[in-house]
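Q: Listed here are the chains, written in short residue letters.
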Amino acid sequence: MVNLKELAKQESKISSGHRMCPGCGAAINARMFMMGTKHPVVVANATGCIEVSTTVYPYTSWKVPWIHNAFENAAATISGVVSAYDVLKRKGKIKKEIKFIAFGGDGGTYDIGLQSLSGAAERGHNFLYVCYNNEAYMNTGMQRSSATPYGASTKTDPLGNKRQGKQEFSKDLTKIMVAHNIPYVAQTSISHYNDLIEKATKAFEIKGPKFINSLSPCTAGWGIKENDSLKVARLAVETCFWPLYEVENGKYKISYDPGDKKKPVKEFLKVQKRFSHIINDKKAIKKIQENIDKNWQDLKKLEKCDF
Amino acid sequence: MKNMKPLTGTEAASYAMKQINPDVVAAYPITPQSDIMHGFSQYVADGKVDTDLIRVESEHSAMSACVGASAAGARVMTASSSQGIALMHEIIYIASSTRLPIVMNVVNRALSGPINIHCDHSDTMAERDSGWIQMYCETAQEVYDLTILAVKLSEHKDILLPVMVCQDGFITSHGVEPVKLINEKKVKKYVANYKPKHSLLNIKKPITVGPIDFYDFYFEHKRQQVDAMQKAKSIYPKMAKEFSKVCGKNYRYIEPYKTKDADHVIITMSSTAGTTKEVIDVLRKKGKKVGLLKIRMFRPFPNKEIVKELKNKKTIAVLDRAASFGAEAPLYSEIRSSFYEEKNKPEIFSYVFGLGGREINPGMIERVYSELISGKAKKENYLGVRE
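Residue numbers (our numbering), protein chains in the order written: chain A, 7 to 313; chain B, 2 to 388.
For reference, chain B alone in the conformation it holds in the complex (with noise of 0.2 Å):
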């Protein structure tokens, strides 16, 4: 097919990018985001894009900068990984309580301490009370329709809200995949031009941001930022509708495989999806009645979908790739909670998994599922660790 490349999860963010072609990129280079701005740069290099790319000196200027060129109007692009999105932390919530549309390409990689360069979901978890959209990508082939959608996820009047395209850490951003790709004068069709309601460099109508807001301001400030979520939200499915016809895939908030007729469930995020849907493949050869969830949207949390897609299922296991030390995994507490209404709910346990990059195999997944079948599945279970 003509319009297939195969590409790495981080060369498929920086094509995006490059048919997006925004205004501003700001970044800094971390392993495993390095390879998005490699190949941006190179676009830069070769004149196939307008963009102003600020290298700047950390990742804390990045965001700084997006947040500077973003107030003045402009598209505005960066990419991070780990101990740069912990470094950007303070700036993150700043660009999106400054209701700024920036789209964020993150490889995910583990936090130090100690230092760890492969993958777990530690630095986009430790964002996610931060006001961000944050989609998580199974392939290359997501993480390009996404960052595309994301653009105008973020820039919709109504949300305007920050957007993390999240891809895991090497398993995603440095493995080959078949990606198809849209035509560029449709990508740009799709995307059209950025025209903010206000922008710094309207010298005739001056405006403040980011002013000093007290307890008399700030909390109807922060209430507004918990509506634009509900509505970015509600508006998404139709924007994803939309989408499929640039892309040919309707990208919803969670994506069932199997689910239909399956009596025991896993939930889980990324690339661990794809080794999922393998064992499934597997299992339903033996008559397992086994299925998976993916979550796609984890900001805003598509609770209810979740709940209407599961409610009938027997047992659901959670696969956290990252831990909360001192309460449940992150995405097994947001399931537990969906459910809490429910009169009939599944029983649900959580499983934390691929810490650091350790290993998560088929044969791992199949573990899970047999003790989901055969009830001998604790409440809490670490996949993979030495005890």
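Chain A extracted, bound-state conformation (with noise of 0.2 Å):
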């Protein structure tokens, strides 16, 4: 278990002030999950809300070196940077610990920077990749990515006389992480800062590339008021919409099973205005629940599994 009061005294690697939008899911994980490690960190991030939001020339938020390349390029990046970490650790001139970890959106991440994330963790570059996920491109201005859910509206999935929201189902980028046979992959959710943390501890101190996708609700895409986030992202949590688990040198572990507690994905998306034109629609929230059911039915057989 993490400590509440010990994680308070540490000093934040990501300074207040900076442009994020209030209540905004990223800039809680940022800040969580550079909480995980001790060490000296090292940030690589993707074109997107954190990188355009802390680092406005000539100011910066960053209290850690921190690089910003592109948009697809974030793994890349790193892997340059964790190259030359190696390299001149070899040759005795570095001699400190350092962690390495890149952040990027789901638009940076499963989208366009998917090649680049993939050719890292098959590189087997030691450094943990971080999405944080609010389920479209909420950086420039809430269009559709393959991790936008089923039915919800977006600016490129708008709400018209043929055609309402998103038309999909969001593709399953962990488990494409998982069959890169990586060390460790993870789910997490900024709801749930124990379970954040302690994955982050854990990624940290294995070797080699780790990836964690975590939850992060925007306020103004997902349409949910600004002390609302963390409520929304429990709820997607406790609706089995995004559950939290581990996958550890490919063994799965559900790290939060409600059991009979488990919501209706309706409570999930009724507190959010991209899913208000389907609340009401039964057919749209019979196919989300079965999706959801399945998908959580596969996960438990998965965590069965004796690999």
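Simulated from the structure, these hints should not be mistaken for lab results. Given the structure is predicted, the values throughout are model-derived calculations rather than measurements. Glycine included, every Cβ here is placed at the ideal spot set by N, Cα and C. Heads up, some of the hints might be wrong.
As the list claims (entries may be wrong) - Below, a list of computed lysine to any residue pairs in the SDA-like style, where the Cα atoms sit at most 20 Å apart:
(1) B:LYS205 / A:LYS288
(2) B:LYS206 / A:HIS45
(3) A:LYS101 / B:LYS314
(4) B:LYS205 / A:HIS45
(5) B:LYS49 / A:VAL70
(6) B:LYS314 / B:PHE350
(7) B:LYS206 / A:GLY147
(8) B:LYS205 / A:SER18
(9) A:LYS97 / B:PRO363
(10) B:LYS286 / B:PRO363
(11) A:LYS95 / B:PHE350
(12) B:LYS198 / A:VAL70
(13) B:LYS206 / A:TYR65
(14) A:LYS97 / B:ASN194
Unchecked claim - If you only want the chain B side, here are some residues facing chain A, beta carbon under 7 Å, derived:
(15) ASP24
(16) VAL25
(17) VAL50
(18) VAL68
(19) ALA87
(20) GLU91
(21) HIS199
(22) LEU201
(23) LEU202
(24) ILE208
(25) THR209
(26) VAL210
(27) PHE218
(28) GLU221
As the list claims (entries may be wrong) - Computed Cβ-Cβ distance ranges for the label pairs, DEER-style:
(29) A:SER282 / B:GLU221: 53 to 61 Å
(30) A:ILE182 / B:LYS239: 48 to 56 Å
(31) B:ASP51 / A:LYS276: 56 to 64 Å
(32) A:THR162 / B:LYS190: 36 to 44 Å
(33) A:LYS15 / B:LYS246: 53 to 61 Å
(34) A:PRO64 / B:LYS205: 48 to 56 Å
(35) B:ASP217 / A:LYS102: 34 to 42 Å
(36) A:LYS259 / B:ASP217: 36 to 44 Å
(37) B:ASP51 / A:GLU211: 21 to 29 Å
(38) A:ASN200 / B:ARG56: 38 to 46 Å
(39) A:PRO46 / B:ARG56: 53 to 61 Å
(40) A:LYS44 / B:LYS246: 33 to 41 Å
Both chains come to you apart, so use the hints to assemble them.
A: Set out below in structure tokens:
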């Protein structure tokens, strides 16, 4: 268990005064993940909300070394940084133990940066990649990504007479990363700080590439109140819309099982404006619920597998 | 001679890289560059270098990893061609604007479409405004020497710009030439240890690299890049002279060949300069006053030096191995612009040649000279194309 009192004493590696929206899940993600290690960290950031809001020149919110290169290449960039570290350490020019972390949104990770991430994971560089998943291109004004859930309305899936909201389910990036056979893959959420920081700590201590997909509510994109980010993220977990689990060396482990208390997905959908057009559409709700139930059952089966 | 070795252009590049022993190399296969990485990978496999070789999944990631490694304080090199350069394009600009001294060996190859694997300069001409220093090599010897020089040039504290060292695909890259090698200890002493002023790995002094830069500062940063290029131009001659003590040759921005008393001059770059020299020797024997000006450094562009060298000539033919659709060919355009301020200027003609590896032979170059001498040259010509 993470000690909240101890955590509160830690100096944040990202300063206040950045320009993220109030209630933004991405800012919370960035701060909490970096709490997962006592070692110095170096950060690579894909273009996206965190990058544009924390480094408006000549200001920076980063108290740790930080690099932004472009949208699709945070993983390739951090692999260069890690390579430099490895060789300079081998040559005795650097002695300190340093941890490396890359942050990318779902656009920069599920979509445009997938190749870069896949390549870096396969090459085995020692870094942690965190996808702060707000389920759409929020930085560019809320367009759909391959992480956007079925039914959600976005600027590119607007509500029209013939077509309403996204027609496809999101792709399962976490499992795609599991298929890379890297030592550690996990899903977490800002609503569960214990789970998030424990997973971060574990990941930082494992050698090799690690991937964590963390749910990151966007108040503007999801149509939720500024003080409801954690509540909505919690509902995502409690409905099993966003299950918390980890896959260590190929072995699945569910981190949170609501059991009989598993809530219907409607509880999660009804508090968000992006789903308001389907909330009374029984067929759509049924389709979403069935998808969640199947995925949850599949996950439970995977946990039982003795690989 | 002991220190002479028969090498292809790609072998010359990888041998220079071995002697430089960079910290990080990130590269992706592409014809005709691949042989550079084959050679270098063998040096890594044999433990002859300390380099961390990142075998990336694309050229986009190659340049991205180079940016990360260079920002982390490593000495970084890569190599590519054609589509690889085009795929890197986005990050090529980021590398130079982040002021990272990365050295890239380019084996020039025509850009798609249609797809073609042979030489022209369309790939690097598309990067001429990217903020990289660009040098074009005639021979494997130049590839070897300039690769070593490029490391020092890019890392100079007043320059800090990435450098492309270009050679002609297949013609230079796969042709074997005798190359005079420098003693490895001498190379290592010359390039010395890279000590960057800033590094991501300096935990005590955290830096933010690649922030968002709006209308209130972006322009100043671009102006600084303009300045850095100007500085590269003014610092280079001294560096080349210093390097001549190491390699035995002073590599000027430009290389005149029999221009002193020439009336008619061809300007061109890379391997075609060699063919032109052969033609000049033949024509000189027939009493024709012809010469060549080889452009070695295309960015920064040595406009004043070119004018100084050629202002009293009667005619100039600029041979471009790239076209600019809807405008003048790139080198021709630069040369014309360079002479704009001159009162008495030579007549300047454009010859686009060799696209997609189309042959350029002595007969064709002889024809250019005869057109210059007879006054029959058109303003813009296409050499060796079926019209």
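Q: Next, verify each hint and record whether it holds.
A: Okay, the hints, checked on the actual structure:
1. Restraint check for LYS205 (chain B) and LYS288 (chain A): not satisfied, since their Cα atoms lie roughly 58 Å apart, outside the 20 Å limit.
2. Taking the CA atoms of LYS206 (chain B) and HIS45 (chain A), the gap is about 15 Å. The hint holds against a cut of 20 Å.
3. For the given pair, LYS101 (chain A) sits about 62 Å from LYS314 (chain B) by alpha-carbon distance, which is inconsistent with the 20 Å threshold.
4. Distance restraint check for LYS205 (chain B) and HIS45 (chain A): the Cα-Cα separation of roughly 13 Å lies within the 20 Å cut-off, and the hinted pair is therefore satisfied.
5. Using a Cα cut-off of 20 Å, the hinted pair LYS49 (chain B) and VAL70 (chain A) is violated, with the two alpha carbons roughly 35 Å apart.
6. Only pairs whose Cα atoms come within 20 Å are accepted, and LYS314 (chain B) paired with PHE350 (chain B) is accepted, the gap being roughly 13 Å.
7. Distance restraint check for LYS206 (chain B) and GLY147 (chain A): the Cα-Cα separation of roughly 35 Å exceeds the 20 Å cut-off, and the hinted pair is therefore not satisfied.
8. Restraint check for LYS205 (chain B) and SER18 (chain A): the C-alpha separation of about 16 Å stays at or below 20 Å, so the hint holds.
9. Restraint check for LYS97 (chain A) and PRO363 (chain B): not satisfied, since their Cα atoms lie roughly 51 Å apart, outside the 20 Å limit.
10. Under the criterion of a C-alpha separation no larger than 20 Å, the hint pairing LYS286 (chain B) with PRO363 (chain B) is consistent with the structure, at around 15 Å.
11. As the CA atoms of LYS95 (chain A) and PHE350 (chain B) are separated by approximately 56 Å, the hinted pair breaks the 20 Å bound.
12. Annotation: proposed proximity of LYS198 (chain B) to VAL70 (chain A) holds, straight-line Cα distance about 17 Å (limit 20 Å).
13. This hinted pair checks out: LYS206 (chain B) and TYR65 (chain A) have alpha carbons roughly 15 Å apart, not beyond 20 Å.
14. With a C-alpha separation of about 12 Å, the suggested pair LYS97 (chain A) and ASN194 (chain B) falls inside the 20 Å cut-off, and the hint holds.
15. Given hint, ASP24 (chain B) at the interface with chain A, holds; its Cβ is 5 Å from that chain's nearest Cβ, closer than 7 Å.
16. Interface hint at VAL25 (chain B): satisfied, since its Cβ lies 5 Å from the closest Cβ of chain A, which is below the 7 Å cut-off.
17. About 10 Å separates the beta-carbon of VAL50 (chain B) from the nearest beta-carbon of chain A, more than 7 Å, and the hint is not met.
18. At about 5 Å, the closest approach between the beta carbon of VAL68 (chain B) and any beta carbon in chain A falls short of 7 Å, and the interface hint on this residue holds.
19. At its closest, the beta carbon of ALA87 (chain B) sits 15 Å from a beta carbon of chain A; the interface hint therefore is violated under the 7 Å criterion.
20. The interface hint given for GLU91 (chain B) holds, since its Cβ lies 6 Å from the closest Cβ of chain A, which is under the 7 Å cut-off.
21. Given the 7 Å rule on beta carbons, the hint for HIS199 (chain B) is violated: about 10 Å separates it from the nearest Cβ of chain A.
22. Below 7 Å, beta-carbon pairs count as interface contacts, and LEU201 (chain B) has one with chain A at about 4 Å; its hint therefore holds.
23. At about 6 Å, the closest approach between the beta carbon of LEU202 (chain B) and any beta carbon in chain A falls short of 7 Å, and the interface hint on this residue holds.
24. Annotation: interface hint on ILE208 (chain B) holds; nearest CB of chain A at approximately 6 Å, less than 7 Å.
25. The interface hint given for THR209 (chain B) holds, since its Cβ lies 4 Å from the closest Cβ of chain A, which is under the 7 Å cut-off.
26. Checking VAL210 (chain B) against chain A by beta carbon gives a least distance of about 4 Å; that is within 7 Å, so the hint holds.
27. This hint holds: PHE218 (chain B) has a C-beta 5 Å from the nearest C-beta of chain A, less than the 7 Å allowed.
28. The beta carbon of GLU221 (chain B) comes no nearer than 10 Å to any beta carbon in chain A, farther than 7 Å, and the hint placing it at the interface is violated.
29. A hinted range of 53 to 61 Å is violated for the C-beta pair SER282 (chain A) and GLU221 (chain B), which are about 46 Å apart.
30. As the Cβ distance of ILE182 (chain A) to LYS239 (chain B) is approximately 54 Å, the hint placing it in 48 to 56 Å holds.
31. Between ASP51 (chain B) and LYS276 (chain A) the beta carbons are some 60 Å apart, a value that agrees with the proposed interval 56 to 64 Å.
32. The beta-carbon spacing between THR162 (chain A) and LYS190 (chain B), approximately 58 Å, falls outside the hinted interval of 36 to 44 Å.
33. Evaluation of the 53 to 61 Å hint for LYS15 (chain A) and LYS246 (chain B) yields a pass: the beta carbon distance comes to about 60 Å.
34. Between PRO64 (chain A) and LYS205 (chain B) the beta carbon distance is about 21 Å. The supplied range of 48 to 56 Å is therefore violated.
35. With their beta carbons about 36 Å apart, ASP217 (chain B) and LYS102 (chain A) fall inside the hinted range of 34 to 42 Å.
36. The hinted window of 36 to 44 Å between LYS259 (chain A) and ASP217 (chain B) is violated, with their beta carbons roughly 50 Å apart.
37. As the Cβ distance of ASP51 (chain B) to GLU211 (chain A) is approximately 28 Å, the hint placing it in 21 to 29 Å holds.
38. At roughly 39 Å, the beta-carbon separation of ASN200 (chain A) and ARG56 (chain B) lies within the given 38 to 46 Å, and the hint holds.
39. As the Cβ distance of PRO46 (chain A) to ARG56 (chain B) is approximately 28 Å, the hint placing it in 53 to 61 Å is violated.
40. Taking 33 to 41 Å as the suggested C-beta distance range, the pair LYS44 (chain A) and LYS246 (chain B) does not conform, at roughly 51 Å.
When held up to the earlier numbered hints, the structure conflicts with 1, 3, 5, 7, 9, 11, 17, 19, 21, 28, 29, 32, 34, 36, 39, 40 and fits the remainder.
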